[in-house]
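Student: In order, the protein sequence lines correspond to chains Y and H. Numbering follows this note's numbering, in which position 140 of the first sequence is assigned residue number 140; successive positions increment by one, without gaps. Numbering follows this note's numbering, in which position 218 of the second sequence is assigned residue number 218; successive positions increment by one, without gaps.
Do not take every clue at face value.
Cβ-to-Cβ under 7 Å is the rule here; a few derived chain Y residues that face chain H [claimed, not checked]:
#1 Asp188
#2 Ala193
#3 Phe245
#4 Pro267
None of these hints come from the bench; they were simulated from the model. The beta-carbon is built from N, C-alpha and C at its ideal position, and this holds for glycine as well.
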Amino acid sequence: MADPLLNVRNLRVGFQTDQGLLTAVDDVSFSIEAGKTLGIVGESGCGKSVTAMSILRLLPQPAGRILGGEVMFEGRDLSKISLEEMRRVRGNDIAMIFQEPMTALNPVHPVGRQIIEAILLHKPMSATDALRRAVELMNWVGIPAPDQRVNEYPHQLSGGMRQRVMIAMALSCSPRALIADEPTTALDVTVQAQILELLKRLQNETGMAVILITHDLGVIAETCDDVAVMYAGRIAERGPVGQIFARPLHPYTQGLMACVPKLDHPPKTPLPVIPGMVPSLREMPAGCRFASRCPNAHSDSVLAERQPWQECGHGHGVEACACFAATLSAK
Amino acid sequence: MRMLCGNTFREMSLLTVQNLKVHYPVRGGVFHSTKAWCKAVDGVSLSLEPGETLGLVGESGCGKSTVAKAVVRLLKPTAGQVVFEGHDITHSGQGALRTLRRQMQMVFQDPAESLNPRHTVGQILEEPFLIQKLGARSDRTEWVDDLLRRVGLPPDAVHRYPFEFSGGQRQRIGIARALALKPKLIVCDEPVSALDVSVQAQVLNLLLELQRAFGLAYLFIAHDLSVVKHMSDRVAVMYLGKIVELATMDELYRNPLHAYTKALLDAVPAPDPTKRRQRQLLRGDVPSPINPPEGCAFGHRMNHPRWKESVGMDLKLVEMKAGHWVQRCPCCVG
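All chains, please: the whole structure from these sequences, using the hints.
Tutor: Take a look at the structure:
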C-alpha cells in the first residue's frame with residue numbers, strides 16, 4: 001500500500017454552545033492516497049461536513065475547534081501549523097468545493113475575476129497571464145465560450161455551470177487533494193452525471209486525491225474507490241466500495257442500503273426503514289451510538305462502553321458492536 | 001363487478017387537465033411593458049383517477065411545480081382547463097375554491113417553510129377545520145389527536161412548535177395538515193427531497209399507507225426517478241413546460257420511447273458499484289422558458305441532425321401503445 005497523501009487520525013471536533021461543549025466529530029480516522037477517491041457518506045448532522053471543514057481548519061469561529069487527533073498531510077500536521085501556513089495550504093495544496101455554488105460565489109464580481117483572485121493569491125503571475133489561465137481553466141472544465149463567460153456574473157450562469165466555475169477555481173493552483181462537499185446535491189440528475197464525469201476526468205488528468213462527501217449511495221457506488229460510513233460523529237464502517245456494497249457489516253450500513261428505493265424494487269410496497277432518529281449530540285451514549293435504532297438486541301454494556309474497531313481484511317473495518325461482533329469472527 | 005371494471009365502463013376521472021398553459025409576463029424598460037412571455041407551462045394535459053398516483057418528473061425549471069400549483073388553483077392558468085370531479089374549476093372564485101380545498105390539498109417540499117413557526121402543531125392542524133367552520137372545539141381536539149396518531153407523531157406534539165421537530169417529523173405535520181379535511185387528492189410537490197434517505201423511506205411508507213387507508217389520489221412530483229417509480233402507477237415526464245411522455249410506471253421504465261426519458265433514466269446513479277458504466281451524457285441545461293426554441297426543444301438542446309424537421313410541426317402527444325403516450329417528433333422518437 002502506497003503512503004497515504006492525507007492521513008486523519010483520531011480527529012475530535014467540538015463546538016462550544018450554550019449547552020456546553022458538544023462533540024460533533026468523535027475519534028474519526030481515515031486516509032487517502034493520491035489519485036484515489038474516498039467517499040464519506042451519512043445522514044445530515046452525522047459530522048461529514050465538520051470533518052471536511054476541520055481538515056482545512058474552516059470551522060466556524062470561535063465556537064468550533066479541533067479537540068484532538070491529527071491531520072497529517074505531506075509530513076505536516078495541519079491541525080497544529082500556524083494560520084499563515086494554513087492559508088498557503090488552502091487552495092494551493094488542498095482545495096474545496098461546496099454544495100451550493102450560488103452561495104459560495106460572490107454575486108457582485110464576474111466569475112473570471114473570482115478565478116483570477118484564487119490564482120494570484122498563490123502564484124506569482126501578471127494579471128494578463130492570470131486571465132489567460134482563467135479562460136484555459138474554464139475551457140478545461142467544459143464551459144462553452146469561456147472568453148465570454150469569464151466576464152459574466154454568477155446569476156447569469158446555470159447551476160451546473162456555476163459548479164464548473166467552482167471546480168475551475170478549486171483546480172486553479174493544481175491542488176494535490178480536493179474536498180468536494182455534496183457537489184451535486186443541488187443539481188439535477190442529468191447535470192449531476194455531467195459534474196461527476198468531469199471530476200473523474202480531471203482526477204485522471206491531474207492524479208489528485210478526492211474526498212467526496214455525499215448522502216447519495218448511488219453517487220458513492222459510481223465514483224468512489226473507498227467509502228467511510230459516518231454515523232453520529234463516528235465512522236461506523238470503512239472499506240473498499242465493492243466490499244462495503246457487497247457485504248455491509250454494520251447494521252447502520254445495511255439499513256442505509258436497504259431503505260433507498262431501487263429501480264428494481266417492487267413498487268408501492270413498504271420500504272425497509274431505520275426506525276427513529278439520530279440521538280442528539282447532548283444525549284449521545286458513550287458506547288454504540290446506533291443502538292437505539294438497531295434491529296439487533298442489545299445488552300446495556302453496549303451503550304455504556306465504546307465498542308472496539310475490528311479490521312476484517314482488505315482494508316474493510318467496522319466498529320464491531322457486540323450485537324453483531326460474534327458473526328464477524330465466525331466468518 | 002366485472003362489467004364495472006371492464007373497458008366498457010369507465011369511472012369519471014377525479015382530475016382532468018386539458019391543454020393547461022401558465023405564462024408569466026417578463027416586464028422591463030421604462031414603461032414596465034411586457035417584453036416577453038415566460039412559458040412555464042405550455043400545453044399540459046393529464047388525468048388522474050380516484051386512488052391513483054400520477055408521478056411527474058423532469059429537471060428543475062421544467063414546470064412541474066407550476067403544474068401542481070395550477071391544479072390546486074394556487075395560481076390562475078393562462079389558458080386551458082382544470083376539471084375536478086366534473087366541475088370546471090379553472091375560473092372558480094375564492095368562495096368556490098374554499099369549498100373545493102376540502103377535496104384537494106397540497107404537501108410542500110420544505111416542511112420548515114410551509115409551517116407557521118409561531119403556531120403550535122395543534123393550532124396548525126386545527127386551522128383547516130376553523131377555516132371550513134367544522135366541528136365544535138371538543139370535536140376538533142379529538143380530530144387533531146387522531147391526525148397525529150395517523151401520521152405517527154406523539155400526542156404531546158399538540159403543544160409543541162415546528163422547530164422542535166426534525167425534518168421528517170415536520171413533513172409528517174405537513175402531511176397531517178393536508179389530510180385533515182379527508183381530501184380525495186393530495187398534490188405532493190417534492191415531499192421527500194429535503195429529507196435523509198432513512199427518513200425518506202419512513203415518509204414514503206406513510207404516504208403509501210395513507211393512500212391505502214383513505215383511497216387518496218396523489219399527484220406526486222419529484223426529481224428522484226427511483227422515488228417516483230416506487231410511488232407511482234403512471235408517470236409523466238416533463239420537459240420545458242410540456243409533457244413529452246406519459247405511460248404506466250412499468251412501461252415507462254422498461255420501454256422508454258422519448259430520447260429525453262431515456263437520458264433521464266440513464267443519468268440515475270445505481271447504488272451498485274458492479275454496475276458502473278460509461279453513460280451517454282446529456283449535454284447542456286434545460287433552456288430558458290422565455291423564448292423557448294422552436295420545434296422540439298429537446299432535439300434543439302441535443303443539436304439533433306433532424307431537429308429542423310420538427311420546426312413548425314404540431315408536436316402533440318400520440319398514443320403509441322395502449323396507455324403509452326409520447327410527443328412524437330422526428331428527432332427524439334426513433
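Student: Now tell me, hint by hint, if it's right for this structure.
Tutor: Structure-based check of each hint:
1. Asp188: Given a least distance of 4 Å, the restraint on Asp188 of chain Y holds.
2. Ala193: It holds, given that the least Cβ distance between Ala193 of chain Y and chain H is near 4 Å, below 7 Å.
3. Phe245: 5 Å, holds
4. Pro267: Holds - the Cβ of Pro267 of chain Y comes within 7 Å of chain H, reaching about 6 Å at its closest.
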